[in-house]
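Asker: Below, each chain spelled out in residue letters.
4 protein chains.
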Amino acid sequence: MSIPSRYQADIDRDRAITTPTRRTVVPALEEILFEAIPLLDHGFIRVVDYMGDDGAVVEAARVSYGRGTRKTSEDQGLINYLMRQRHTTPFEMCEIKYHVKLPIFVARQWIRHRTANINEYSARYSILDREFYLPAPSHLASQATHNRQGRGDVLEPDQAEAVIALLRADAEQCYAHYQDLLNEDESGQPRDPTRQGVARELARMNLTLNTYTQWYWKIDLHNLMHFLSLRADSHAQYEIRVYAEAMLETVKRWVPMCFDAFTQHRIGGLHLSAPALGVVRRLLAGEAVLQEDSGLGLREWRELMAALGRG
Amino acid sequence: MSIPSRYQADIDRDRAITTPTRRTVVPALEEILFEAIPLLDHGFIRVVDYMGDDGAVVEAARVSYGRGTRKTSEDQGLINYLMRQRHTTPFEMCEIKYHVKLPIFVARQWIRHRTANINEYSARYSILDREFYLPAPSHLASQATHNRQGRGDVLEPDQAEAVIALLRADAEQCYAHYQDLLNEDESGQPRDPTRQGVARELARMNLTLNTYTQWYWKIDLHNLMHFLSLRADSHAQYEIRVYAEAMLETVKRWVPMCFDAFTQHRIGGLHLSAPALGVVRRLLAGEAVLQEDSGLGLREWRELMAALGRG
Amino acid sequence: MSIPSRYQADIDRDRAITTPTRRTVVPALEEILFEAIPLLDHGFIRVVDYMGDDGAVVEAARVSYGRGTRKTSEDQGLINYLMRQRHTTPFEMCEIKYHVKLPIFVARQWIRHRTANINEYSARYSILDREFYLPAPSHLASQATHNRQGRGDVLEPDQAEAVIALLRADAEQCYAHYQDLLNEDESGQPRDPTRQGVARELARMNLTLNTYTQWYWKIDLHNLMHFLSLRADSHAQYEIRVYAEAMLETVKRWVPMCFDAFTQHRIGGLHLSAPALGVVRRLLAGEAVLQEDSGLGLREWRELMAALGRG
Amino acid sequence: MSIPSRYQADIDRDRAITTPTRRTVVPALEEILFEAIPLLDHGFIRVVDYMGDDGAVVEAARVSYGRGTRKTSEDQGLINYLMRQRHTTPFEMCEIKYHVKLPIFVARQWIRHRTANINEYSARYSILDREFYLPAPSHLASQATHNRQGRGDVLEPDQAEAVIALLRADAEQCYAHYQDLLNEDESGQPRDPTRQGVARELARMNLTLNTYTQWYWKIDLHNLMHFLSLRADSHAQYEIRVYAEAMLETVKRWVPMCFDAFTQHRIGGLHLSAPALGVVRRLLAGEAVLQEDSGLGLREWRELMAALGRG
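These protein sequence lines are chains A, B, C and D, in that order. The opening position of the first sequence corresponds to residue 2 in my numbering, with each subsequent residue numbered one higher. The opening position of the second sequence corresponds to residue 2 in my numbering, with each subsequent residue numbered one higher. The opening position of the third sequence corresponds to residue 2 in my numbering, with each subsequent residue numbered one higher. The opening position of the fourth sequence corresponds to residue 2 in my numbering, with each subsequent residue numbered one higher.
Everything labelled a hint here was simulated from the structure, so no lab data went into it. Keep in mind it's a predicted model, so treat the numbers as computed, not measured. It is possible that part of the hints are untrue.
[Said to hold, decoys possible] Beyond 12 angstroms from chain C on every Cβ pair, some chain B residues (computed):
hint, residue
1, I38
2, A117
3, N118
4, E240
5, A247
6, Q265
[Said to hold, decoys possible] Distance ranges between label pairs, derived from CB positions:
hint, chain 1, residue 1, chain 2, residue 2, range
7, C, Q180, B, R300, 49 to 57 angstroms
8, A, R242, C, L285, 29 to 37 angstroms
9, B, R300, A, E36, 24 to 32 angstroms
10, D, S188, B, R115, 55 to 63 angstroms
11, D, R125, B, G189, 52 to 60 angstroms
12, D, G310, C, Q180, 52 to 60 angstroms
All residues carry an ideal CB built from backbone N, CA and C; glycine is no exception.
Chain A with its partners taken away, still in its complex shape (with noise of 0.2 angstroms):
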């Protein structure tokens, strides 16, 4: 379960709670506002808050007096420009804040986007709970052979089973040391008084990676869409890949217009190094065109004739 019950009842609580304001509203993102979506087997995302909608990036790209009457195709078309000359401030007056509950290797990955604020649960004041990752069955891989970085063939089943088992048995070992050594109840006194505990900065690294951890994670349109080209992307670790996909459903609820854009001009299209783009123009001239004399090595020319359908 991602959400304890005690926390549900907070969640619902605040959901339940409307207050009228002169903002700008997205109803089909406030439905889901506070939600936990879960992701993985512990963690989630929940949109806790967000400013503007399609129209502020429109009114900022005219820095314009009012939301005024717009019509609808022509802010599309403004947007679909704005992607197209990457013209990225005005996708910046758009903000949104998730609460994000992950495993510490995924954290690691995803912190370094610089670009947004951060607030993590800090295990130096409070102590983690007792929740770590581990992978199904389906997502348990072996190392892919033809890229350094990546995963080729699912386990077989026993396989499987026993990477699991051991996993789960270091975790849960370390995680009953990591008790040991902060001897502390849950009402803050010593579960053994004959000794001392270790201080929680400290009793902290003997946790393992797959850990779980939580945090606030507030970043503006363009910056949250950058990070999702490149963690959404199919070269994103599994892990990390989860969590971005959840993400870009936010988005389209939040700010269709822009989603349809960032996936027509961004991810769904390609970019042609030059040498690419000479080999594009050779094809459409009737030349027959092979890898070797194409200027492309092995690897760019397979990804461009996949790309193109030929592969």
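Place chains B, C and D on chain A using the hints.
Answerer: Frame of chain A, contents of chains B, C and D only:
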């Protein structure tokens, strides 16, 4: 007039609409939402959007699941603690967006703060309005003599009048020539059909630096407070300080606890250097300390004595 | 003249001194170090410092302990791979610092790139030189008609002459009045002792936007390439493009492998949107595609056909 | 041992080579360039590159054309002034790059400073070494009671011994299982050919948080000083503070004037809040002030009295 009536109508229309939201609402800020606060002779700021409140800072610091049922006094205590200990990330969880109209030379100081999102009205695409800043006589001052950066005595009235006349004449002439260069009337037709106009991106170079521009400026609360601590300071140029002071008032409406902590612990306080701290300790020990043997330069000494009420 | 002779002497003196260092040295960049490269009528860029080379990108990607004994071909392959896969952080490990002299209206475009360190010559402290940009007749153009942002046809010679005369007269008059307002001679004494001068921070507002300013601008290689991909582009305004193009030449001297990867995989390439990719696939399949049934707008269609050599 | 001998050879080879450069060279920093400074049990920092010196700060503040013929005393005065007045941009003109080896839980604190460039050794691509941090007995402490974040008394020797044994056993076991999961020997062949290995990006999740990682970390001097003011502070966790303190020594070698200004005006000083300033003024006026009527909380009062030497 800061706001031409056609824009005021847009603002009034937006202000008349309220919609229910599950997000946190700050009534004191909603009250002035979209309204232009006039500054200088043609400038303004207006709050056009915001995210979060004092509670959002507390929730982020605690990485909590909901607004909870906090006591106000506990929240203020936590916020003071965060401010004193420079735990700045919780303050980044609130975001505000302003629409600002300001002279170009002020915009050039302002934009040096890089931690905000900006969309400026583009003089490549559009034609700037005929509005330029002329200082009031009471703000026309000579160069400071004790400080290479700053103002000294206010000018004599007749000299001030001459200065304003000169500034006005040059700005008007340059703007008139800007229009000649553009050779466009309001419907985009040539004013003089016998000659070509010059591209907007070129014509703008003839404008003077007191011409007004506009932008949308969006920033988180932590970086806003940093901006305000520098620009609402007595060392800041008057023409940017009036903007910072008006923004301080909006912060007070928006996040009164953070405002209080900021006022008490940052801008209202005093930073003692190591030698200044030594002076204070010696004074407290009853020693008579002279500037010569204080380890402080004359300027730092004077500022210290003034701050300690011994000026 | 970009560089008054008193400054050229300073530059020559610095160029004459070499000191041994353990750091990586790039001879081709050292060759032009400190030298001003003239741009426009009074502007320049000069490289005043740098950190790292192509090898530093490779070392960072590998987190290695030393320069190693790499083969050039392997390094180029790795750099190409990093560029294609958007692994941008290794390119952030190289840093360069420029001293730039540029018109204020160009500086205002430039500074919107926020990922650099900047120190601008301060007109609050100091007095700006009497230098302003006047376009050459061949760069004076009318407003583009097909594109709200950009230039169309070059002006007729007599009109160009009239425009330049007007720009010159206004800039000269505004500068002369700036001096009157300051009322300071070169030694800081009043030119007219019967009246007070106006503070520098105020007087500067009378200058026109083509007045030259200067700054130190320091940036890492990744963010520099991003800047150059936007500002060396044909959509950029001519007056900033000349700076970007001159900087591209310095990048070529500094990190030739990165320059090559950047040229091949970024600025020389083409980004296909999802519908544009669909068009290419249909064309390759031998289908005749018309703009009307392409899913592309007219402008995107034209740009695509031109890029594919079917313009 | 921090540096295996095969790496020490690489370092020695790089140190043996010097090349002439026109850039500023800092002999005191060159002396230690590339050398690893050992920290904790397996960690280190080493300076691998730098740009600029004290003079670069002065040149940037003045936007000058060359190094000039300055007096040292003037430079120190200007640098002190910049530090006191929070003119931070000139300090951004110097850049330094470190290679750091550090436990993962320290890396997680460190990376929250977002204003640096980072390349971390990737456990998706590569296999981490068998090295983990085990605290010395003198650094094993109980949880602080007066402060939810921090350490209290050092553990009794026999308890410390037990803690270290436990940390060691878990780290060793988790690492051994990590190797089992990978099922790769040093040449990349399966250790056990009867079963598949698990992808590196998955296997790493079984490691404990005291495992060492490495990164290249590059930052400008202003942001470095900000980092050091927080992480060399007594409130910082010991395991990151040792890194900050070692870096302070490198800053002292690199930019001694900036180091001096930083020590005097930032970390050696004291920030008085508005009520604390009120207390100081009352004390100086000869009044007896009690905490109860001071307007300060107990903790702030105690810290103030201690800082004023009345603790």
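Asker: Does each hint fit the structure? Answer for all of them.
Answerer: How the hints compare with the structure:
{"no.": "1", "hint": "I38", "result": "holds (22 angstroms)"}
{"no.": "2", "hint": "A117", "result": "violated (9 angstroms)"}
{"no.": "3", "hint": "N118", "result": "violated (9 angstroms)"}
{"no.": "4", "hint": "E240", "result": "violated (8 angstroms)"}
{"no.": "5", "hint": "A247", "result": "holds (20 angstroms)"}
{"no.": "6", "hint": "Q265", "result": "holds (30 angstroms)"}
{"no.": "7", "hint": "C:Q180 x B:R300: 49 to 57 angstroms", "result": "violated (30 angstroms)"}
{"no.": "8", "hint": "A:R242 x C:L285: 29 to 37 angstroms", "result": "holds (30 angstroms)"}
{"no.": "9", "hint": "B:R300 x A:E36: 24 to 32 angstroms", "result": "violated (58 angstroms)"}
{"no.": "10", "hint": "D:S188 x B:R115: 55 to 63 angstroms", "result": "violated (49 angstroms)"}
{"no.": "11", "hint": "D:R125 x B:G189: 52 to 60 angstroms", "result": "holds (56 angstroms)"}
{"no.": "12", "hint": "D:G310 x C:Q180: 52 to 60 angstroms", "result": "holds (54 angstroms)"}
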